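Novice: These are the residues of each chain, in order.
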Amino acid sequence: MLNKFINKIAPRSPWLYRLNAGSCNGCDVELATVALIPRYDVERLGCKYCGSPRHADIVLISGPLTSRVRDKVLRVYDEIPHPKVTLACGACPISGGVYRDSYTVNSPIDQYIPIDVVVPGCPPRPHAIIEGVALALEIWRKRLEEGTCSRS
Amino acid sequence: MTSFFEATFAMFIFPGGLFALAAGLMLKGVDRKAVARLQRRVGPPLYQPALDVLKLTIKETLIPHTANEVAFKLAPVLGLSGVLLTAAVMPIGGVWNGVTGMKDLLVLLYLLPVPAMALMIAGSASSSPYGALGFSREMVVMFAYEMPLIASFLAVAVRVGGTGSGMFALDNIINYQMQHGPMIFDPIMLPAFVAMLLFIPGTMGSGLFDIPEAEPEVIEGPLLEYSGPLLAMFQLMSAVKLVVVVELVVALFMPNGLGGNVLVNLVWHLFKCLALMLVAVTVFRASTGRLRLEQGFAFFVKYTSPLALVSLGLAYMLR
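Chains H and V, in that order, are what the protein sequence lines are. Mapping the first sequence onto our numbering, position 123 (from 1) lands on 787, and the numbers just tick up by one. Mapping the second sequence onto our numbering, position 45 (from 1) lands on 57, and the numbers just tick up by one.
It is worth saying that the hints were derived from the structure and are not from the lab. Wrong hints could be hidden among the right ones.
Cβ-to-Cβ under 7 Å is the rule here; a few derived chain H residues that face chain V [said to hold, decoys possible]:
{"#": "1", "residue": "R676"}
{"#": "2", "residue": "A699"}
{"#": "3", "residue": "P702"}
Heads up, simulated DSSO-like pairs for lysine-lysine below, C-alpha to C-alpha not over 30 Å straight-line [to be verified]:
{"#": "4", "chain 1": "H", "residue 1": "K712", "chain 2": "H", "residue 2": "K736"}
{"#": "5", "chain 1": "H", "residue 1": "K806", "chain 2": "H", "residue 2": "K668"}
{"#": "6", "chain 1": "V", "residue 1": "K45", "chain 2": "H", "residue 2": "K668"}
{"#": "7", "chain 1": "V", "residue 1": "K284", "chain 2": "H", "residue 2": "K672"}
{"#": "8", "chain 1": "V", "residue 1": "K45", "chain 2": "H", "residue 2": "K736"}
{"#": "9", "chain 1": "V", "residue 1": "K284", "chain 2": "H", "residue 2": "K668"}
{"#": "10", "chain 1": "V", "residue 1": "K45", "chain 2": "H", "residue 2": "K712"}
{"#": "11", "chain 1": "H", "residue 1": "K712", "chain 2": "V", "residue 2": "K314"}
{"#": "12", "chain 1": "H", "residue 1": "K806", "chain 2": "V", "residue 2": "K45"}
{"#": "13", "chain 1": "H", "residue 1": "K736", "chain 2": "H", "residue 2": "K672"}
{"#": "14", "chain 1": "H", "residue 1": "K672", "chain 2": "V", "residue 2": "K45"}
{"#": "15", "chain 1": "H", "residue 1": "K672", "chain 2": "V", "residue 2": "K85"}
Using C-beta positions, here's what the derived DEER-type ranges look like [claimed, not checked]:
{"#": "16", "chain 1": "V", "residue 1": "N187", "chain 2": "H", "residue 2": "H746", "range": "51 to 57 Å"}
{"#": "17", "chain 1": "V", "residue 1": "S15", "chain 2": "H", "residue 2": "R703", "range": "56 to 62 Å"}
{"#": "18", "chain 1": "V", "residue 1": "N273", "chain 2": "H", "residue 2": "D742", "range": "54 to 60 Å"}
None of these values were measured; they are calculated from a predicted model. Note that CB positions come from ideal geometry on N, CA and C, so glycine has one too.
Starting from the given sequences, assemble the full structure and let the hints guide the process.
Specialist: Below, the structure is given as structure tokens:
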């Protein structure tokens with residue numbers, strides 16, 4: 665009963681964590697814009713950027729996953745407690761973007777990390793990112809209801 | 013026997029316990045909303061901190077394998093129970109006089125550093141370099157803000173002028189202000205009041221004094237390795253701590269009620285707490301950046317402590 669109640673309201677308090685997998689900083693600037701500029705205030709969804717991966721619920725991954733940071737990114741991803749939802753931000757995690765076919769790049773990122781929401785664009789618009797976060801919340805809610813959120 | 017029931021009631025229901033938790037979460041929510049409005053954002057709903065705490069209870073708890081597990085799990089319990097006890101001791105002018113035999117400023121002086129201690133234990137038990145940095149910063153800041161706190165306590169006690177062991181009795185202080193008007197209108201006590209206003213953001217780690225938990229530098233310092241229910245307990249601890257320090261300033265400087273009615277007095281007390289928090293935490297947080305560690309230390313030693321000491325000296329000479 666109480667569990668059901670918490671499952672229902674948990675998606676109203678998502679804490680975001682930015683995970684930079686070798687991005688060119690374009691997407692990170694747009695992600696900062698989403699939170700910092702009043703017009704695109706993401707805190708009205710209850711979101712908050714947190715510094716530590718242990719506090720995170722929604723992981724925003726930007727960048728094509730260069731081979732230099734691959735192991736570190738996987739390690740940080742493992743340190744994020746379940747239940748978590750991942751959102752890939754920008755063209756790079758999907759296809760490699762302008763770095764496609766480079767020998768230093770391991771994209772697409774979902775060979776290594778399960779991706780739930782994809783927000784394409786180079787860089788994506790803040791509106792698109794906010795919609796992505798809202799979609800991620802829907803996915804999180806669905807998983808909590810089905811009980812498929814535990815550690816696999 | 014009555015004092016046992018009184019103490020239990022105080023600990024779990026009215027000034028501590030449920031009341032303090034509800035008031036703390038509400039104050040936190042108002043704080044977040046007000047900062048958002050000051051920055052022209054819409055901001056989260058007022059009950060957002062409660063949602064955060066509830067959500068954290070279903071998250072997974074991860075404990076680093078290099079951490080000291082006992083201390084790691086004990087720290088949030090210690091901190092939360094410490095602040096709840098402090099809230100139970102705190103008297104509310106015109107509503108609640110405190111538990112018999114527990115109303116003393118010196119008890120508060122021992123209980124107030126407990127949450128900072130809990131954060132220190134948390135930071136050092138987590139075995140993370142950032143946690144250790146947060147631990148050392150928390151300790152330095154605590155040493156800095158204890159001095160104005162003690163000096164303000166002494167100034168108020170000397171001004172009230174009890175004798176013997178009654179000197180530090182909280183009910184003496186409140187009765188004195190009921191008769192002679194609140195301390196905040198006493199020109200001698202104004203410097204001490206300003207010092208206490210600066211002590212609130214110092215102990216809450218907001219605004220200029222967001223040193224131990226600085227997100228961009230030491231990624232939340234002592235709380236770095238915490239997740240799930242343990243982090244929720246730290247959130248509750250911080251909420252109750254906010255209520256406790258604000259109620260402390262209200263009790264020391266403006267405990268007067270509006271009349272005989274208990275309910276009116278309670279609402280008036282909450283209103284005073286809210287106003288004090290908006291000035292000392294919210295506006296301060298929204299309008300200032302962060303000092304470096306040694307700057308924060310120097311700020312308390314150079315400016316805040318002398319203010320409180322001036323009040324103490326004047327009160328001592330004029331008594």
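Novice: If a hint holds in the structure, say so; if it does not, say that too.
Specialist: We went through each hint and held it up to the structure:
1. At about 5 Å, the closest approach between the beta carbon of R676(H) and any beta carbon in chain V falls short of 7 Å, and the interface hint on this residue holds.
2. Violation of the interface hint for A699(H) is found here, the shortest Cβ-Cβ separation to chain V being roughly 9 Å, above the 7 Å cut-off.
3. Residue-level restraint check for P702(H) holds (minimum Cβ-Cβ distance to chain V is 4 Å; threshold 7 Å).
4. Taking the CA atoms of K712(H) and K736(H), the gap is about 23 Å. The hint holds against a cut of 30 Å.
5. Pair hint K806(H) plus K668(H) holds up; C-alpha atoms about 12 Å apart against a cutoff of 30 Å.
6. At most 30 Å may separate the alpha-carbon atoms for a hinted pair to count; K45(V) and K668(H) meet this at roughly 27 Å.
7. A distance of roughly 35 Å separates the Cα atoms of K284(V) and K672(H); the hinted pair therefore is violated under the 30 Å criterion.
8. Of the supplied pair hints, the one linking K45(V) and K736(H) is violated, its CA atoms being roughly 36 Å apart against a limit of 30 Å.
9. At roughly 37 Å between alpha-carbon atoms, K284(V) and K668(H) are farther apart than 30 Å, so this suggested pair is violated.
10. Between the alpha carbons of K45(V) and K712(H) the distance comes to roughly 13 Å, so the proposed pair stays at or under 30 Å and holds.
11. The suggested pairing of K712(H) with K314(V) is violated, with an alpha-carbon distance near 35 Å, which exceeds 30 Å.
12. Taken as a hint, the K806(H) and K45(V) pair is honoured in the structure, with Cα atoms around 28 Å apart against an allowance of 30 Å.
13. A C-alpha spacing of about 33 Å is found between K736(H) and K672(H), which places the hinted pair above 30 Å, so the restraint is violated.
14. Note on K672(H) and K45(V): the hinted pairing holds, with a Cα-Cα distance of about 23 Å set against a maximum of 30 Å.
15. Taking the CA atoms of K672(H) and K85(V), the gap is near 28 Å; set against the 30 Å cutoff, the hint holds.
16. A hinted range of 51 to 57 Å holds for the C-beta pair N187(V) and H746(H), which are about 55 Å apart.
17. In this structure, S15(V) and R703(H) meet the distance hint of 56 to 62 Å, their C-beta atoms being roughly 57 Å apart.
18. Separated by about 58 Å at the C-beta atoms, N273(V) and D742(H) satisfy the suggested range of 54 to 60 Å.
Checked against the numbered hints above, the structure violates hints 2, 7, 8, 9, 11 and 13; every other hint is satisfied.
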